[in-house]
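Please build the complete structure, drawing on both the sequences and the hints.
Listed below are the residues making up each chain.
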Amino acid sequence: MFYTLEILGTIAFAFSGSLAAFNKKMDVFGVFVVAFVTAMGGGMLRDILIGNTPVVWMKDLTYIFVIGTGTITALIFRKKLMYLRRSLFLFDSIGLGIFTIIGIEKGIEAELHPIVCITLGTLTACFGGVVRDILCNDIPVIFRKEIYATVCVLGGIVFFLLKEINLTDNLIYLVTSLLIIIIRLIVVIKKWRLPRVT
Amino acid sequence: MFYTLEILGTIAFAFSGSLAAFNKKMDVFGVFVVAFVTAMGGGMLRDILIGNTPVVWMKDLTYIFVIGTGTITALIFRKKLMYLRRSLFLFDSIGLGIFTIIGIEKGIEAELHPIVCITLGTLTACFGGVVRDILCNDIPVIFRKEIYATVCVLGGIVFFLLKEINLTDNLIYLVTSLLIIIIRLIVVIKKWRLPRVT
Amino acid sequence: MFYTLEILGTIAFAFSGSLAAFNKKMDVFGVFVVAFVTAMGGGMLRDILIGNTPVVWMKDLTYIFVIGTGTITALIFRKKLMYLRRSLFLFDSIGLGIFTIIGIEKGIEAELHPIVCITLGTLTACFGGVVRDILCNDIPVIFRKEIYATVCVLGGIVFFLLKEINLTDNLIYLVTSLLIIIIRLIVVIKKWRLPRVT
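Residue numbers (my numbering), protein chains in the order written: chain A, 24 to 221; chain B, 24 to 221; chain C, 24 to 221.
For the record, the hints were derived by calculation from the structure and aren't laboratory data.
Accuracy of the hints is not assured; some may be wrong.
Which copy is meant is left open, because identical chains are indistinguishable; a pair holds if it fits in one copy or across any two.
[Unchecked claim] Straight-line alpha carbon distances no greater than 30 Å define the calculated DSS-like cross-link-like pairs of lysine-lysine that follow:
{"no.": "1", "residue 1": "K47", "residue 2": "K213"}
{"no.": "2", "residue 1": "K186", "residue 2": "K48"}
{"no.": "3", "residue 1": "K102", "residue 2": "K214"}
{"no.": "4", "residue 1": "K48", "residue 2": "K103"}
{"no.": "5", "residue 1": "K129", "residue 2": "K82"}
{"no.": "6", "residue 1": "K48", "residue 2": "K102"}
{"no.": "7", "residue 1": "K102", "residue 2": "K47"}
{"no.": "8", "residue 1": "K214", "residue 2": "K82"}
{"no.": "9", "residue 1": "K48", "residue 2": "K129"}
Here it is, written out as structure tokens:
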């Protein structure tokens, strides 16, 4: 189930990256690069910080193939997907929920402190999107005025609370990722914001 | 004493990052992220380049707590700190002096050549500030027309000269870091510049 | 021969970086930093992703000396080199050809899959130039409308095809790097482009 989740999150972020690149009218190579970096950027940074190298997509070709297939699918159906351009944030939210959990699990594997694990989860989930926005020359979504990374931190805290009460891993994954996705969607729709420093 | 210095430098850079984020009217999460990256960015890059992973803040929670406390303190006293906004460069200079020495010491630990150690020291001291300025959408202070990184290189050379004449480590740390801080302050006040290529 | 190639590529990229920095009228320290990052950026990212740390220039001072000498040479002859400013892409192309091969070889050494090796080659060749352009505040050449990284991917495919028919390594290096350099030059002169997504 864990691996399936990882592939799902990768597809969601590859779509989110492709859509962002379509909006900028990039060439086909550019679209693939943005899709790849959006999907793999967070995981790469996490693996580098932990020292878990070579990074994951070098050891398992599945990621490259999934992103390649995802990008080509997005290219073929781009006319239909363009109606979804405002739904970019939907794919982004799904990736956000799944990748937070993957980052936390990698932290636990490396026997790091829960606080560090939650940081790693947030980083895994958010960094790909930051690089996507920089490559597309947009202001990173994370620095815009909505709540973004905070949702991952919240999800991470729930993750460890559920672990305390001994839920099964699969149930924890499900509850936490759905929670992150739903809160993130509500945040975007309701335009919730964190207090600004004045 | 070495560890104390490191914590002091971390606080100085966390303050410098918080102040920069206040100036940009970021939300509370943004302030913490900028403070964290300013304080830890240089050390992270250094540890990654040396292969000294997991990076330091993952193995010792003190850093996260110090930066968290520093950011909250800065938030509470922000009205008073805002008078100091032009003194951003003071905290920056203190961090610069201390982090140069820490970078050099980590290079020596890894048995690298003095030239590489000086490069590591300069990188440790300067990279956090570069990322802070990028996140705040300012032109990095390092690329502005003042002398910045050159002060660290100079301090690094003095460090190894003092080591040659067998001064005690603590004395070398003190002399070198004070030297860097003072030269940096003079540079800012006197507006010294490196020759430009014409 | 392999090591000689690496030094040649380093000089080509150091020149390309210096010229870009001259055009921006940076100070002498800035010129060295841009030259260094252009020449070493791709290799550093590759070594970090593979986990081949400390990165190469820390273990062998030759690189720092070559880049230092190259930058000083470029500084002294800058009036003459400035006539070549439009030839920036010539040095860039030579570096591109050589660094692709070096990246591929490092991937083979680490026993990675050919697809991953080609990715590493492309990354080694292209990343330094991307950072150079970001530091000089230009739109990265790789994201402009010409074919850039695609040439490296093509060269990488030819590399493994030639390996299949058992050519000697030196011959493969020569043919592949010349191929990349020539195609790249044709691309720039003929203004070839990849199809854009519409």
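Right, here's what the structure says about each hint:
Proximity of K47 and K213 under a CA criterion of 30 Å is satisfied in both settings, with 27 Å inside one chain copy and 24 Å between copies. Neither within a single protomer nor between protomers do K186 and K48 lie at most 30 Å apart by alpha-carbon distance, with minima of 45 Å and 37 Å respectively. For the identical chains of this complex, K102 and K214 are neighbours both inside a copy (28 Å) and across copies (28 Å), given an alpha-carbon limit of 30 Å. When the C-alpha separation of K48 and K103 is checked against a cutoff of 30 Å, the pair qualifies only within one copy, where the shortest distance is 16 Å, while the shortest distance between copies is 39 Å.
When the C-alpha separation of K129 and K82 is checked against a cutoff of 30 Å, the pair qualifies both within a copy, at 16 Å, and between copies, at 15 Å. In this assembly of identical chains, K48 and K102 lie within 30 Å of each other by CA distance solely inside one copy; the values are 13 Å within and 39 Å between copies. When the C-alpha separation of K102 and K47 is checked against a cutoff of 30 Å, the pair qualifies only within one copy, where the shortest distance is 15 Å, while the shortest distance between copies is 39 Å. Proximity of K214 to K82 under the C-alpha cut-off of 30 Å is found in neither arrangement, the shortest distances being 40 Å within a copy and 37 Å between copies.
For a Cα distance limit of 30 Å, the shortest separation of K48 from K129 qualifies neither inside one copy, at 36 Å, nor across copies, at 34 Å.
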